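Asker: Letter by letter, the chains look like this.
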Amino acid sequence: MNVIALSIVLVLVSITIGIAWYSRRWTRTTSEFYVAGQKISWVQNALALTGDYLSAASFLGVTGAIAILGIDRTWDAIGYFGGYIVLLALLAVPLRKVGKFTASEILTTRFRASKTVRTSAMLGSTIISSFYIVPQLVGAGALMQILLGWDYVFSVLIIGTIVIIYVVMGGMRATTYNAVIQAIVLWFAMLLILLLTVILFFDYNPMNIIDSVSGLVPPEVAAGMISDGAVVEGNYQEVINEVSDKLTGGADTALTPGAFAPDWMNLFALATGLVFGTAGLPHVLKRYYTVDKPKDARTSTIGVLFAIGSFYVMAIFAGLAAMVLLYPDLIGFFQAGEESVAQNMAIPLLGELVGGDVLLGLAIGGAFCAILSTVAGLLMTIGTTLTHDYYMELINPDASEKKEVFVAKLSIVATGIIAVLVALALGDQNVSFLVTLAFGIAASVFFPVLFMSVWWKGYTRQGAIATMATGLIIAVLFVVAHLVGMTSVLGLPVLVNPALYSLPSAIIAGIVVSLFTNDVGEVDKFMALAHRKEE
Amino acid sequence: MTEKKILLATDGSKPALMATKKAIEEAKAINAEVHALTIEEKAPMTLLEKKQENIAEEKYLEIKSRGSEVAKKYGEQQGVKVVEKKFESGPVVAAIIEYAKEIDPELIVVGNSGRSGWEKVRLGSVAEGIVKKASHPVLVTRVKNDDYLKDILEIARQMPLPRIEELEEIKDIDLEELEIKKQLGLAFGTLLAFLIPFFGLASMVSWAPDLAAREIIGYSLNTALFWILLIFPLGWVTAILFNQYAKRYDRAKES
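Chains as they are written, first to last, in full-length UniProt numbering: chain A, 1 to 535; chain B, 1 to 255.
Among the clues, some could well be false.
To be verified - Heads up, simulated BS3-like pairs for lysine-lysine below, C-alpha to C-alpha not over 27 Å straight-line:
| no. | chain 1 | residue 1 | chain 2 | residue 2 |
| --- | --- | --- | --- | --- |
| 1 | A | 293 | B | 4 |
| 2 | A | 402 | B | 150 |
| 3 | A | 533 | B | 247 |
| 4 | A | 525 | B | 181 |
| 5 | A | 457 | B | 181 |
| 6 | A | 295 | B | 150 |
Please keep in mind that the hints were generated in silico from the structure rather than gathered at the bench.
Remember, predicted model here, so these are calculated numbers, not experimental data.
If we strip away everything but chain A, and leave its shape as in the complex, we get:
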């Protein structure tokens, strides 16, 4: 057990929970929490959006994936980044102007409310959000493994319980503030780790990192090729030399693409899922509820682009540096069967290498807070969807606010438990990879339906249902096929992301059905609302 690191983690987590408690009940004076007299809403919103977005997938997953597979996994970084451009260009402002942020609400505003619309939207939202929670728990499990040496199953159970209790006991109100703090902590943790790495190992020049990974066989590939038990010993330079000698001639080095998505279909599937996923993620869209004005929707989004963009640039360099400096360790984790550590722990381990227990603690603590607040935000999205969009609309419209919040909490507990169980089964996966699957589903279910509702006058209610149903069915089918290891479904190869099939299918289904039906809803009023001139 590592006392210093553990203490830092505990302090960070206490701060997080402390904020939840601080802002728990009575917040009339939260204004004194802000700078008195200043309006800083869009900055705050940008930070809250950033904090919600930078989850374990970005902090642990992206760096971890780049560290073991090299340049191919930088797609996660540019895809997560690009998603916000799609959101900014197509949806952020219209959604703000309509004042609706879920597919269910948007469709109800434009078309009449229908049971089918609400049910499919509710299913989509719940599946996507749950899928997003699972990797966070996987990340948390791996963190506990290296921090406390706990067993993975035990870790996930404990963390899952803590998070659920945290949200239900009143973490709700605090998610915004936690997201803000989390954004700041993660960004600076990444900066600090990268700076120290560059100073201590790369002669003050980040470009030297790139130089030293060129020609390197990515650890996951190398581990696969030396599975005959050849021992990897020595410092990182010796091991790199030995492994590279053994495997010379291999085209897959850290800087040559192909280690993860080996052909154009896989590559385009991944790129499509990532870049269109953000605009379909329920918890990201929900966040715009807190944005006050249409122009704030734009400025907040641009703020996010700068925050996450700079973060991912750092993550790319940190991931590559981790590949070099942790080379023997990473191969060793694979050989020892500790996949969850090999896949996701590059950044905490790099922190430990350059900053000892203090940075190890900071990295783990930061990741932990990220997980806590991301899961909290996701569970709240699920709670809101199930109650506000479904329960209140279809089952019990007269429920009091009290009852509504109670039902939300109940659904939060139920979903939380399901997510914990799924996380137990997927412990050996990279966190960012799992999140890309959630992106793929979101890109197929909600992105097309929102996009077409907001911009196409000829879109019909039946078309919308067809879009969501097609996207959901195909995306989930291929995700499950990929996770259980099938190589082809219906004669189509199973790719690293479902979006290459499911997104176009969803759009085509929507267009075709719309052409044969004519219930365009209150299209004029809706368009006027969504595209009116208002600052």
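Based on the hints, put chain B in the right spot on chain A.
Answerer: Chain B only, in chain A's frame:
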């Protein structure tokens, strides 16, 4: 002659109702009008967070009602003129001080919830903030007992806070004026400005792997990685340009 004014800050909670009653009494005594100020604080919260908070607040404050409207109604009953003033957003203390500067009242009346010790440290206090910063006399009230508040509580109970309002009114707007096609053009232009290099990278990696792996400026930096790193600044520039153009569409035309 300028009318005497009393500034009342109220959020419709029980302590605020006490302050309201006191303000009206004082106004009656010195023949002043009451300016009832309500500030709706817009913290960035999601819907569920807001509802959760409403419930929690009501539990803590016993009642949550429409602050300034209750004051107005109570004023009518007591024969005191009440001017309603609502601020949509803003730090509470700062807003009250600002408004006081504007109307120059005889007195500022504000309720104190009576928290002390740790609770006060934890939650802060609007009353204390005003006492410290205001340049007008301040009267801070404490809740006496429910009997004293009976009449105003009754009014407040009839005027609870509305449920969180969600649907915005759809006004009749001329669709032609909105230039939806042009707006869509801008959206697509922005999108393509980013997606072409984005999928261009994927294409190069897929179909021109040699080009992707070619070293370009030293440090073993190859075309693919250079392109990847370039995507970020490209995205930033695209976003800023989009904002510049989009602003135009949001500015209402002056007729």
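Asker: Verify the proposed pairing of residue 293 of chain A with residue 4 of chain B, using a straight-line Cα cut of 27 Å.
Answerer: With Cα atoms ~37 Å apart, residue 293 of chain A and residue 4 of chain B exceed 27 Å; violated.
Asker: Please work out if residue 533 of chain A and residue 247 of chain B have their alpha carbons no farther apart than 27 Å.
Answerer: OK: residue 533 of chain A and residue 247 of chain B at ~9 Å, within 27 Å.
Asker: For the pair supplied as a hint, residue 402 of chain A and residue 150 of chain B, is the alpha-carbon distance within the 27 Å limit?
Answerer: Status holds; Cα separation ~26 Å.
Asker: Does the structure keep residue 457 of chain A and residue 181 of chain B at a Cα separation of 27 Å or less?
Answerer: 11 Å, holds
Asker: With the threshold set at 27 Å, check whether the alpha-carbon distance from residue 525 of chain A to residue 181 of chain B stays at or below it.
Answerer: 16 Å, holds
Asker: Assess, step by step, whether the Cα of residue 295 of chain A is no farther than 27 Å from the Cα of residue 150 of chain B, and give holds or violated.
Answerer: 46 Å, violated
Figure legend: structure checked against the earlier numbered hints; hints not met, in rising order: 1 and 6.
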